Structures are given as C-alpha cells and as structure tokens.
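**Q** Here the protein sequences come in this chain order: A and B. Count the first sequence with the numbering used here and you get residues 1 to 206, in order. Count the second sequence with the numbering used here and you get residues 1 to 206, in order.
These are computed hints drawn from the structure, not numbers from a lab. The reader is advised that the hints may include incorrect statements.
[What the hints assert, rightly or not] Which bits of chain A does chain B cover? Going by a derived footprint, with three or more residues having C-beta under 8 Å, they are:
| no. | stretch |
| --- | --- |
| 1 | 30 to 43 |
| 2 | 75 to 85 |
| 3 | 112 to 124 |
[What the hints assert, rightly or not] Pulled from the structure, derived: some chain A residues nowhere near chain B, Cβ distances all over 10 Å:
| no. | residue |
| --- | --- |
| 4 | ARG16 |
| 5 | THR49 |
| 6 | ASP66 |
| 7 | ALA104 |
| 8 | ILE141 |
Given the structure is predicted, the values throughout are model-derived calculations rather than measurements. Just so you know, even glycine gets a beta-carbon here, dropped at the ideal spot from N, CA and C.
So the chains spell out like this:
Number of protein chains: 2
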Amino acid sequence: MIVSGEEIGQFEKRYRANLINSILGYKPANLIGTKSVEGINNLAIFTSTVHLGANPPLIGMVSRPDSVPRHTLTNIRNTSHYTINHLHKEIYKAGHQTSAKYSATVSEFTQTDLTPVSINGFPAPFVDQSEVKMGLELVEIIPIKQNGTYFIIGEIKLIEIDHSLLLEDGSLDYSLLTTVTATGLDTYHEARFIDKLPYARPQSTK
Amino acid sequence: MIVSGEEIGQFEKRYRANLINSILGYKPANLIGTKSVEGINNLAIFTSTVHLGANPPLIGMVSRPDSVPRHTLTNIRNTSHYTINHLHKEIYKAGHQTSAKYSATVSEFTQTDLTPVSINGFPAPFVDQSEVKMGLELVEIIPIKQNGTYFIIGEIKLIEIDHSLLLEDGSLDYSLLTTVTATGLDTYHEARFIDKLPYARPQSTK
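Hey, can you work out the whole structure from these sequences and the hints?
**A** In structure tokens form, the structure reads like this:
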C-alpha cells in the first residue's frame with residue numbers, strides 16, 4: 001500500500017508514533033548515563049545515537065523536546081558530560097525500564113539491577129554491566145526548530161572495552177558481544193553475523 | 001582496557017575509523033535514492049538515519065564532508081527530494097557495492113542488480129527490491145562546523161509497504177522482514193526478535 005504524507009498526519013497519534021519510530025530499521029540501543037548538579041545518577045535508554053566522524057571522534061544523539069522535564073538533556077547542559085553504554089541481552093529489561101518517568105530525585109540505577117561505576121574520575125556514571133562504555137564531553141546542542149527536539153553532539157574522551165572484543169582492524173567483534181538492537185519504542189532483537197565485505201571499488205556486479 | 005581521547009587521536013587512521021564507526025552498536029542499513037539535475041539516478045548506502053519526530057514525520061541523516069564529490073548530498077540540495085529504502089538480506093552485497101566511488105555520470109542502479117522504480121511521480125527513484133520505501137522532501141541541511149559533515153533533515157511524504165508487514169499498533173513487523181543491520185563500515189547482520197515490552201512506568205524492578 002502507498003501512504004501519503006497527509007494520511008500519516010491523520011493517523012491516530014500512538015499508531016503514527018509506532019510507525020515512524022520503527023520505519024528506518026534496526027537502531028543502536030544505548031544507555032545514557034548522566035549526573036545531576038544535585039549528584040543524582042541518571043540513566044536513560046536512547047536509540048538515536050549516530051556516528052558523526054572519527055577524527056575527532058564525534059557522536060550525535062537526539063533528545064525529545066523539553067516541554068516536559070528531560071533529565072538527560074538537563075544534566076548534559078549542566079555538566080557537559082555523559083556516558084554511552086551498550087545494552088545487552090542480559091539487561092534489556094532493566095534498560096527498557098529506564099524509560100519510565102521517574103522524578104529527578106530518583107536514580108534509575110536504584111530502581112533497576114543496573115550498577116553505576118566510576119572510571120578514572122569521569123564526571124558521569126557508566127553502567128558496570130555494559131561491555132562497551134564511552135565517556136563523552138558535550139560539544140554543541142543544536143535545536144531542531146521544526147519540532148523542538150535537540151541534536152546533541154559530543155566527543156568521545158574515554159572508551160572502556162576488553163581488548164579481546166576488538167578485531168585487528170579496530171572494529172568491534174560483534175560475534176562476541178550480546179549487544180541488542182531496537183526497533184520502534186519497545187522491541188528488542190539480537191543479531192547474527194552475515195558477512196564482512198571488502199572496501200567497494202567501481203565495477204559492475206551485475 | 002581504557003582508551004583515552006588522546007590515544008584515540010593517535011590511532012592509525014583506518015583503525016580509528018573502524019573503531020569509532022562500529023562503537024555505537026547496530027545501525028539501520030538504508031539505500032538513499034536521488035536523481036541528479038542531469039537525470040542520473042543515484043543510489044548510496046547510509047547507516048546514519050535517525051528518527052527525529054513523528055508529527056510531522058521527520059528523519060535525520062548524516063552526510064560526510066563535501067570536500068570530495070558527494071552525489072547524494074548534491075542531488076538533495078538540487079532537487080530537495082530523496083528516498084530511503086530498506087536493505088535486505090537478498091540485496092546487501094549490491095547495497096554495499098553502491099559505496100564505491102562511481103563518477104556522477106554513472107548510475108549505481110546500472111552497476112548492480114538493484115532496480116529503480118518510480119512511485120506516484122515522486123521526483124527521486126525508489127529501490128524496487130526493497131520491502132519498505134519512503135519518499136522524503138528536504139526540510140533543512142545543518143552544517144556540523146566541527147568536522148564539515150552535514151545533518152540532513154527531511155519529512156516523509158510517502159511510504160510504500162505491504163499492509164501485512166504492519167502490526168496492529170502501527171509498528172513494522174520485523175519478524176516478517178529480511179531487513180539487515182550494519183556495524184562499522186563493512187559488516188552486515190540479520191536480527192532475531194527477543195521481546196516486545198509494555199510501556200514502562202515508574203516502579204522498581206529490583
């Protein structure tokens with residue numbers, strides 16, 4: 001079937017959110033760790049991180065509008081630091097639970113089995129159970145004027161990962177990780193390796 | 001092991017690119033269809049699309065710097081339209097091949113088994129073999145000044161999908177799709193459903 005932009009606009013709100021949130025494909029599932037100025041460790045699941053560049057190592061991430069309290073966005077604005085941690089098969093339920101609207105005085109870490117861990121004095125909490133941890137420093141927050149969201153740009157300042165999880169070429173070896181991937185707002189999947197292809201050069205493959 | 005920002009900066013260029021490109025987790029694998037002002041159909045694989053909002057349905061996407069020719073970016077600038085098509089298991093090799101540096105006068109469609117298809121006169125080509133096709137109109141191109149990349153924002157104006165691939169709540173039924181997911185610059189995976197969780201409400205799960 002063909003759906004027009006007008007028809008999308010007329011869909012029931014929740015139906016449209018599920019459709020558009022799930023339409024691009026599989027998304028990275030990350031836990032974002034921050035600390036409030038009051039010292040409360042916050043943790044929130046995000047599926048909107050995106051690679052911006054390797055040198056310097058820049059990562060983008062979308063925050064929803066702050067017409068309601070957004071603890072992650074507020075904490076990043078106030079402290080300029082946050083962590084990105086992989087969501088794994090063993091912890092996906094706890095990770096999903098961090099999307100509940102807890103008050104700012106409650107740490108998601110105390111409400112789930114996830115454990116905050118400090119690394120080298122980095123000013124935001126990492127998730128101990130996560131096999132891939134990154135510490136980022138805020139670079140810029142770009143307001144998206146069309147819908148009130150924010151595109152948060154950060155630079156990776158620290159990576160914690162077991163060396164055995166890296167391939168010789170620098171890539172993460174996903175065959176050894178139990179990292180999950182998300183679709184839509186509520187669905188989790190595991191992945192299985194198909195192929196690693198050589199650098200593509202112009203030639204017909206027909 | 002713990003890697004510092006300084007150490008990341010000292011890694012060999014290709015090693016660093018593989019590491020940072022693969023560090024966030026599983027990424028959506030999409031084929032972006034555009035048409036040049038000369039009428040050449042262009043197709044390029046992107047793994048940087050991100051959901052920006054459902055109402056209006058806005059999608060973000062990262063383009064690398066245009067210090068060298070970027071046909072997709074140029075065509076979107078010139079025509080304000082592009083398509084996003086899912087990459088499936090049957091076509092991932094052809095999709096990867098579109099990353100080769102063909103000249104602007106050569107259509108990736110003529111160099112692979114992928115077939116361009118026109119839908120309702122939309123001014124950019126869709127991929128016939130893709131089970132999920134979207135047509136977008138450009139909203140804004142935001143230059144990322146830190147590294148010369150561009151964040152391209154578009155609004156979904158058309159969706160082509162078989163109705164049987166949608167769940168009752170509007171989500172795509174990924175158990176029926178052979179959509180692949182990518183890690184890094186060259187690796188493809190298939191995914192398998194684990195769980196669809198209820199909307200999370202504040203309560204301890206400890």
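**Q** Next, verify each hint and record whether it holds.
**A** We went through each hint and held it up to the structure:
Residues of the stretch 30 to 43 of chain A with a Cβ under 8 Å from some Cβ of chain B number 1, which does not satisfy the need for three, so the listed coverage is violated. Coverage of the stretch 75 to 85 of chain A by chain B is violated in this model, with 1 residues showing a Cβ closer than 8 Å to a Cβ of that chain against a need of three. Residues of the stretch 112 to 124 of chain A with a Cβ under 8 Å from some Cβ of chain B number 4, which satisfies the need for three, so the listed coverage holds. Look at A:ARG16: its CB is around 5 Å from the nearest CB on chain B, not clear of 10 Å, so calling it non-interface is violated.
Chain B draws A:THR49 into its interface by the beta-carbon criterion, the shortest separation being 5 Å against a cut-off of 10 Å. The non-interface label for A:ASP66 is consistent with chain B: the shortest C-beta to C-beta separation is roughly 14 Å, beyond 10 Å. Once the 10 Å rule is applied to beta carbons, A:ALA104 is consistent with being away from chain B; the minimum gap is 12 Å. Listed as outside the interface, A:ILE141 is consistent with that label: its C-beta sits roughly 12 Å from the nearest C-beta of chain B, beyond the 10 Å cut-off.
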